[in-house]
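A.B. asks: Chain by chain, the residues:
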Amino acid sequence: MIDARGRSCPEPVIMIKKAMTTKESSYEMLVDNRVSVENVTRFAKHEGYAITVEEQGDDFLLHMTR
Amino acid sequence: MSEDIKLTKLASCAGCGAKVGAGTLVKLLQDLPVLQDERLIVGYDKSDDASVYQLDENTAIVQTLDFFPPIVDDPRLFGQIAACNAFSDVYAMGGEPKLALNIMTVSKEMSQDDVHEILRGGYEKAAEAGAIIAGGHTIEDVEPKYGLSVTGFVHPKRVLTNAGARAGDRLILTKPLGVGILTTAAKADLVDQELLEKLYRQMATLNRVARDCMVQFEVHSCTDVTGFGLLGHGYEMAAGSEKTIHIRMDSIPYHKEAYEMADMGFVPAGAYRNRTYAEAHVRFEKETPLPLQDILFDPQTSGGLLIAVAQSDAEALLEMLLEKSVEAAIIGYVAEEEDVAIVIE
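Going line by line, the protein sequences match chains E and L. At position 32 of the first sequence the residue is numbered 32 (my numbering), and the sequence of numbers has no breaks. At position 7 of the second sequence the residue is numbered 7 (my numbering), and the sequence of numbers has no breaks.
One thing to keep in mind: the hints can contain errors.
[What the hints assert, rightly or not] Quick list of in silico lysine to any residue cross-link-like pairs, SDA-like style, CA-CA up to 25 Å:
{"#": "1", "chain 1": "E", "residue 1": "Lys17", "chain 2": "L", "residue 2": "Asp73"}
{"#": "2", "chain 1": "E", "residue 1": "Lys23", "chain 2": "L", "residue 2": "Asp263"}
{"#": "3", "chain 1": "E", "residue 1": "Lys17", "chain 2": "L", "residue 2": "Gln293"}
{"#": "4", "chain 1": "L", "residue 1": "Lys187", "chain 2": "E", "residue 2": "Thr22"}
{"#": "5", "chain 1": "L", "residue 1": "Lys98", "chain 2": "L", "residue 2": "Asp73"}
{"#": "6", "chain 1": "E", "residue 1": "Lys23", "chain 2": "L", "residue 2": "Ala188"}
{"#": "7", "chain 1": "L", "residue 1": "Lys187", "chain 2": "E", "residue 2": "Arg5"}
{"#": "8", "chain 1": "L", "residue 1": "Lys324", "chain 2": "L", "residue 2": "Asp339"}
{"#": "9", "chain 1": "E", "residue 1": "Lys17", "chain 2": "E", "residue 2": "Glu47"}
{"#": "10", "chain 1": "E", "residue 1": "Lys18", "chain 2": "E", "residue 2": "Gly6"}
{"#": "11", "chain 1": "L", "residue 1": "Lys256", "chain 2": "E", "residue 2": "Arg5"}
{"#": "12", "chain 1": "E", "residue 1": "Lys18", "chain 2": "L", "residue 2": "Leu195"}
{"#": "13", "chain 1": "E", "residue 1": "Lys45", "chain 2": "L", "residue 2": "Lys324"}
No lab work stands behind these hints, which were simulated from the structure alone. For clarity, every value in this text was computed on a predicted model and none was experimentally measured.
Model the full structure from these sequences, guided by the hints.
C.D. replies: Shown next as structure tokens:
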């Protein structure tokens, strides 16, 4: 799992972009703000991944699969 | 500049994206004791770019202040952009800047050369604007910031505010959109050098030429498109004028590369804030892809002017702007007030 808590835009997107160069079938990422949820969602969709968002207290766990 | 420290690494937010959201600002300014003076022609009440105070029958002073953290690593360029952004508020009111004061914070990591180059950039643009920097104030901070407080003059009867747009007016935008998205993508090294340099030139271009052209025509309202994006500032114009503005999506000038970058999630936080602020007042008539919507909400650093000009003068003003190399376009028109402030066609 990629922990991007405490990171602000565009860092979480850069992190998932780097991670996705290995083209795994699924990724999980933890972020702590809605802008990151939105931006990582856009990136995941752009790369052909489906994404679900699970709220965990103040954080958001993003599941990306394809 | 020093080799090891990148100016933008010292900044937590990018340029006008660093601005506190419009909705938050309204709350912050509520219930504060403000003196009343009938000579204050423009205050904060209609969300204008600068305040205007009438001195006599023929003269009013325009005052404004703008500053932000580094949006580029080149300190001189940063100074130029910050200065252009600050002077823009005076141009947006139809005024001419005459005096300015530096407002600056420096961090311990910055070299003296960096600081000097930021100031050089500011002074260069002030000279180009025909304004004198007469002093300023600098303090230490963890994050560097630079900008100017600017004083200008305008004829009291020729002040251009957010209010005043009339039904039938044409809307002209004088710089292409997408700067916030592309500078965000640049942090991931996804923007090529050629485009970056084009963006830098655009941000370091004063709105002086656009202003000098516009004042020769029957212009009813003007604002500059900066931190709140086209739709945030467009909403303020529509609300201030009690009209509805219609924007034709396919006539919006924007940097094409911004579309893919937005689609990939390089959307600055400010664009989401602007969406939250203005979205309830906007109706998209056609299905509009998210990245195009992002471009409309994208915060612009040192953006262009949004001008409401009489229909009969619109083509002539556009022609003059294009002749003077301003990347202007007619993007829509003003109509009587409808159920929403902005309609995207």
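A.B. asks: Next step is simple, just say for each hint if it's right about the structure.
C.D. replies: Results of checking the hints against the structure:
Under the criterion of a C-alpha separation no larger than 25 Å, the hint pairing Lys17 (chain E) with Asp73 (chain L) is consistent with the structure, at around 24 Å. As the CA atoms of Lys23 (chain E) and Asp263 (chain L) are separated by approximately 19 Å, the hinted pair is consistent with the 25 Å bound. Taking the CA atoms of Lys17 (chain E) and Gln293 (chain L), the gap is near 23 Å; set against the 25 Å cutoff, the hint holds. Under the criterion of a C-alpha separation no larger than 25 Å, the hint pairing Lys187 (chain L) with Thr22 (chain E) is consistent with the structure, at around 22 Å.
Between Lys98 (chain L) and Asp73 (chain L), the direct Cα distance comes to roughly 28 Å. Violation of the 25 Å bound is thereby established for this hinted pair. Straight-line distance between C-alpha atoms of Lys23 (chain E) and Ala188 (chain L) comes to about 19 Å, which keeps the hinted pair within the 25 Å bound. With a C-alpha separation of about 19 Å, the suggested pairing of Lys187 (chain L) with Arg5 (chain E) holds against the 25 Å cut-off. For the suggested pair Lys324 (chain L) and Asp339 (chain L), the alpha carbons sit about 38 Å apart, so the restraint of at most 25 Å is broken.
Of the pairs offered as hints, the one joining Lys17 (chain E) and Glu47 (chain E) holds, with about 9 Å between alpha carbons and a cut-off of 25 Å not exceeded. Proximity of Lys18 (chain E) to Gly6 (chain E) is assessed by CA-CA distance (about 18 Å); at most 25 Å being required, the pair is judged to hold. For the hint linking Lys256 (chain L) to Arg5 (chain E), the alpha-carbon distance of about 32 Å lies beyond 25 Å, and the restraint is violated. Between Lys18 (chain E) and Leu195 (chain L), the direct Cα distance comes to roughly 23 Å. Compliance with the 25 Å bound is thereby established for this hinted pair.
Our distance criterion of 25 Å between C-alpha atoms is broken by Lys45 (chain E) and Lys324 (chain L), whose separation comes to about 42 Å.
Going through the hint list in order, the structure does not satisfy hints 5, 8, 11, 13.
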